[in-house]
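Trainee: Modelling step: build the complete structure from the supplied sequences, incorporating the hints.
Each chain, written out:
There are 2 protein chains.
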Amino acid sequence: MAQEIERKFLIDQTHPEVTALMQTKGSHIKQGYIMSDPKGVVRVRRMDDKAYLTIKGPNTGITRDEFEYQIPVEHAEHLLATMCSKIIEKQRYAYPLENGHFAEVDVFPQIDLWLAEVELPTKDTDFQKPDWFRKEVSTDPYYFNNNIAKRI
Amino acid sequence: MAQEIERKFLIDQTHPEVTALMQTKGSHIKQGYIMSDPKGVVRVRRMDDKAYLTIKGPNTGITRDEFEYQIPVEHAEHLLATMCSKIIEKQRYAYPLENGHFAEVDVFPQIDLWLAEVELPTKDTDFQKPDWFRKEVSTDPYYFNNNIAKRI
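Protein chains in written order, with this note's numbering: chain A, 81 to 232; chain B, 81 to 232.
A few of these clues could be false.
Which copy is meant is left open, so a pair is good if it fits within one copy or across any two.
[Claimed, not checked] DSSO-like cross-link-like pairs, simulated, lysine-lysine; straight-line CA separation at most 30 Å: (1) Lys119 with Lys105; (2) Lys119 with Lys166; (3) Lys136 with Lys203.
Honestly, the hints are just simulated from the structure, not real lab data.
Mentor: Okay, structure coming up:
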């Protein structure tokens, strides 16, 4: 078991640092939800040439239980095709922060949404925000991945 | 991916073969459902000292997609405690049949239900039924595990 502690931010898409980041390789992510309700989430994710099945418990603020298992890519493709209604596609870019932290910038081309996420070891861990971070949306359900899926 | 082809039968609990089977070791199974609806099933199972996460597609007759992944026992216990409402406990006994097939006899002590299941490679595979098999209930939703859970 892991606990996921994640903070999410809107970003300034026009900032030169972001423009430079978009020139890096990034990872292509395709994901869908077998289940997605207030009790929890069962997610299937294809990421480049790997695939994962992830169980998440209910959200409590910025903390939630998360269990992730690598599964064969062909299982993921079958589950995405047969048991997931909406499929999210996004490009993910890694941006190193100070003290070993890093941000993941997700670009959702289907709905022109750009989000930065920072995973932290504890709820109270502080980190240095890049100056292209804008409003924090960590606890705003509008930006939960399962709700983003509904807008796609 | 595997396809699960499973036939289920009620059994004669008083038959001497069944009485003898009950003297064998068997496996203790504890399982619950993160999701269980017509679209599919996400099941957590603890079986003796191992644990599994299983995704099943919708039922189509006696055939359904099934993906099973071994997971750490402590993950399973956490998922059972936090994300599964009803927990089924059952004792499972293996009974060899002819031609390499075998039956699994499940005893559900919480509701005094005894069921035999036979997994088969194809829908049309025939097998020799033991004389303590009674009515076939393969397609009767009353005997689906997720519905049995609701009666516990």
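Trainee: Determine for every hint whether it applies to the structure shown.
Mentor: Against the structure, the hints:
no.	hint	result
1	Lys119 with Lys105	neither (35 Å within a copy, 37 Å between copies)
2	Lys119 with Lys166	both (19 Å within a copy, 14 Å between copies)
3	Lys136 with Lys203	within (17 Å within a copy, 35 Å between copies)
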